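These protein sequence lines are chains L and H, in that order. Numbering (the working numbering) for the first sequence: 347 to 859. Numbering (the working numbering) for the second sequence: 347 to 859.
Incorrect hints may appear among the rest.
It does not matter which identical chain is used: a pair holds within one copy or between any two.
Stated by the list, open to error - Simulated pairs of lysine-lysine, DSS-like, Cα-Cα distance not exceeding 30 Å: (1) Lys739 - Lys489; (2) Lys378 - Lys655; (3) Lys655 - Lys480; (4) Lys709 - Lys843; (5) Lys739 - Lys480; (6) Lys484 - Lys739; (7) Lys659 - Lys797; (8) Lys843 - Lys799; (9) Lys655 - Lys797; (10) Lys739 - Lys709.
Don't read these hints as lab results, they were simulated from the structure. Everything numeric in this text was worked out from a predicted model, so none of it was measured.
2 protein chains.
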Amino acid sequence: MLAERGIVTLEGARAPQMDAVRLPKAREVPEKVLQAAGRENVYTGDEDRVRHANGQNYLDLMALRAGELDHAPDAVIVPEASGQIAGILEACSASGVAVVPFGGGSSVVGGVTPLRGEHESVISLDMASLREIKVDEKSLTAKLGAGLRGPEAETLLGERGFTLGHFPQSFEYATIGGFAATRSAGQSSSGYGRFDSLVSSIRLVTPQGELSTLETPHTSIGPALREVAVGSEGIFGVIPDVDVRIRPLPSARRYEAWIVESFEAGNEIVRRLAQSDRLPTIIRVSDAPETEVNLTMSLPSGAAGKIFKRYLKLRSREGGSLLITGYEGNSSEVHRSRSDVAREIRRGGGVYLGQAAGRGWEKGRFHGPYLREALLDRGVLVETLETAQQWSKHESLYESVRAALEGALAENGMDGIVMCHLSHAYRDGASLYFTVISSQGPDGGVANWPKVKPAACEAIQSAGGTLSHHHATGRDHAPWLGGEIGSTGIEALRTLKERFDPAGIMNPGKLIP
Amino acid sequence: MLAERGIVTLEGARAPQMDAVRLPKAREVPEKVLQAAGRENVYTGDEDRVRHANGQNYLDLMALRAGELDHAPDAVIVPEASGQIAGILEACSASGVAVVPFGGGSSVVGGVTPLRGEHESVISLDMASLREIKVDEKSLTAKLGAGLRGPEAETLLGERGFTLGHFPQSFEYATIGGFAATRSAGQSSSGYGRFDSLVSSIRLVTPQGELSTLETPHTSIGPALREVAVGSEGIFGVIPDVDVRIRPLPSARRYEAWIVESFEAGNEIVRRLAQSDRLPTIIRVSDAPETEVNLTMSLPSGAAGKIFKRYLKLRSREGGSLLITGYEGNSSEVHRSRSDVAREIRRGGGVYLGQAAGRGWEKGRFHGPYLREALLDRGVLVETLETAQQWSKHESLYESVRAALEGALAENGMDGIVMCHLSHAYRDGASLYFTVISSQGPDGGVANWPKVKPAACEAIQSAGGTLSHHHATGRDHAPWLGGEIGSTGIEALRTLKERFDPAGIMNPGKLIP
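Pulled out of the complex, with its shape left as it was, chain L reads as follows:
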């Protein structure tokens, strides 16, 4: 399908090659920093530097393919215990070494790119060794080390009968610390909550002392400093561990797919469910282009596929929108929620596609990034961006962003598909997640994408959407930050930054424009 549309341009696949990567010469790590970290925890090998040189946005992945890593760190430091962090930050502050906190390296907004700022050198501070877990079964909370990746955290909790329920697409690589630093949201956010809503308390080790919030379900003692540490994207300090709310492992799960008349009809169904507190664990609606791509990928070819298409045509749902629902809990909860939700979907004109299609989505829920690598290897440009807004502006936000992306692609001679789904629904609104799959255009994707993305950001801000519902700010959204939080907001962040990090070593070039 992509070849037919002229989007796949390479014949053979061209994957990144470690040997072909050119790294900038590493500057030496100052003695003071080596001492604070322990020499055995400092890594300067090529592969270590390459693996910490970038996140996972389109330009990051293309730079790896081009073998040009302008921003590799001079060294990677892996603290053995959280107690070392304060000393490392102090030594780095004193020696002019920039510090980039690093978890899974899955930022898609340039959040972990090792920029030096005004400093002599830059290190990537990898949390990989901080993998503590301590469960409070009575309170349903757990202290989790920042370096725990999604699957390891789930395994350790699962052994005790619990789950965090946090499954973003980056789940397999991303870490607890990264989830907190970026306000991550998982695919099951309607059931389990966004990561920030799961945080009951947090520690933030800054170059000027440690901020530690009280572990409590709630407090009214002044501004919520927890919410200053959560989402701080590494610019104030390092998050060594997080106390989170957990749940019993669900004993029953059910995933289903439906086809609704249109994206708008699907959005209305989700809004009605959200506003009557009837959201299932997972709910997402694809627009027509995303539905077409999904069905093309998942439909069996031949007879079965034809029968399916005929089925949809008969019910006038050809060209409709795919709606995925997921239910997790004990069997009576799943049954009850499913019956509430199915009634509402049918009332909204939905046609049931069955559990097989739902399980298909569930099985492939973390595959997107891998598929993307394969497409990138074949010369396709694949990138995503997302936003959120209240229901009253939901449709106009969707139309504006889609038009802006399509317009920018056309302007730059790129043939592409702009597709979108609604996910992360709330009583007052929802997020919209856009995926662009396109040819690179005459000037190449690396030259073109930086012309396309701003068009989307501007459309989002004009339509009143947020720059990001769950990808965070990083380097990529920083230029637009003022348009969302205003100059007083930026000054507030800058003031805190100067207080926590007077030497300006923490993650330079991120968040604050």
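Based on these hints, arrange chain H on the given structure of chain L.
This is chain H only, laid out in the frame that chain L set:
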């Protein structure tokens, strides 16, 4: 009952008298401030000053009774529109006038006491004229002016078919701006959410610019500045309006009472309901002393009362704990929730008392403060304090605070009752609300309470509880703030304060110790 226990000490009632109040001489409002506010919006009459001189804690109310108002404001300014606020703050900054934002005056932690700080004079900035309302029916949100009191907001929303569902005991006086500035929590918080969770966006007018957050269900763009403005208790600036999440007016309501074996048994029932997402709109459990006082107040005397007591005795629930549940929604929601909850309460050993007792609680839900005035008039000391903690520390927190209060009362020769209820339950914990009803002791309540309260604060902090779940910090909790947020936390607040309010005019002496 109170007389029997030697707690009521005055024969006749002695209510506060406006004529007997001695006010400090008012300092003149600088010309610049008069111009910025408009002379017609500046009030300097005695009654205006008296009505803005204090909040509603025990010492505030006793000062009024003694006729000694050391801290009355020099003037009360009532801005006509939010557009005036920036100019007023600028003029006050330039003229050395402290500013105390004022809503309903219902702070119980000294949050609106007009302290001058280092300034020449102090004004109370009353939001009474900011009463805008604008409803977005599709998104279920509303913009509400800071000066709207609880009942007015509910009436205006109710006319359009909606409710905010925020009913703290201060509801009849407190305002939207005050709810936001103090992170208020209402009696129906399990069903409708705490006020801070209802805020979708907020404006904060500081002496150095306006902070305004995007109206969106959620954003991952950096630290949540909304959570810096919410809970800011007037020390950074003034909140002129708040965008909040609203709900359709419930068509069905049901309130019930139960008796459970003990406070511990009741707490366990609530924990099980919370951790299985089955909390009703309202749930609260009284300990044995509070149950006794409540039943004494509400039971009919004579035969009916005797029958009731026999009923409890028969079921071995004498000396048990009162549990109140409330259900609001449409009739099927109420029915479903009630059947879930009743099953769990019965399983936990609860005995049903019926709807009349539940309605009795509902009818009197805002009466506490009025009853307290009547008791104060009769020489009784009545004061409340509250905290919250995770379930695993819930019982030890309860025991510690109760023991600390009882010990401090005894030490100061006061005869009293310490009673407590659980309210505001979460998956990970709940809040505990203590009420002290006692004689004033030989030195008098005004001398004694400042010796009792610290014992409770210290017990709370030793047991790992928060200084306040929903009363905020104000002047009263400020000395303990460092014990909760640490010196780095205090420095973070101080840094923001210096940025937003370099002249230090905003609500001096509050929040930051």
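Against the structure, the hints:
Taking identical chains as interchangeable, the C-alpha atoms of Lys739 and Lys489 lie at most 30 Å apart only when they sit on different chains, with a minimum of 16 Å there against 39 Å within one chain. Proximity of Lys378 and Lys655 under a CA criterion of 30 Å is satisfied in neither setting, with 67 Å inside one chain copy and 75 Å between copies. When the C-alpha separation of Lys655 and Lys480 is checked against a cutoff of 30 Å, the pair qualifies neither within a copy, at 51 Å, nor between copies, at 47 Å. For the homomeric pair Lys709 and Lys843, neither the shortest alpha-carbon distance inside one copy (42 Å) nor that between copies (50 Å) is at most 30 Å.
When the C-alpha separation of Lys739 and Lys480 is checked against a cutoff of 30 Å, the pair qualifies only between copies, where the shortest distance is 16 Å, while the shortest distance within a copy is 43 Å. For the identical chains of this complex, Lys484 and Lys739 are inter-copy neighbours only, at 9 Å across copies versus 42 Å inside a copy, given an alpha-carbon limit of 30 Å. Taking the shortest alpha-carbon separations for Lys659 and Lys797, neither the intra-copy value of 39 Å nor the inter-copy value of 78 Å comes in at or below 30 Å. Proximity of Lys843 and Lys799 under a CA criterion of 30 Å is satisfied intra-copy only: 28 Å inside one chain copy versus 37 Å between copies.
Taking the shortest alpha-carbon separations for Lys655 and Lys797, neither the intra-copy value of 38 Å nor the inter-copy value of 78 Å comes in at or below 30 Å. When the C-alpha separation of Lys739 and Lys709 is checked against a cutoff of 30 Å, the pair qualifies neither within a copy, at 33 Å, nor between copies, at 40 Å.
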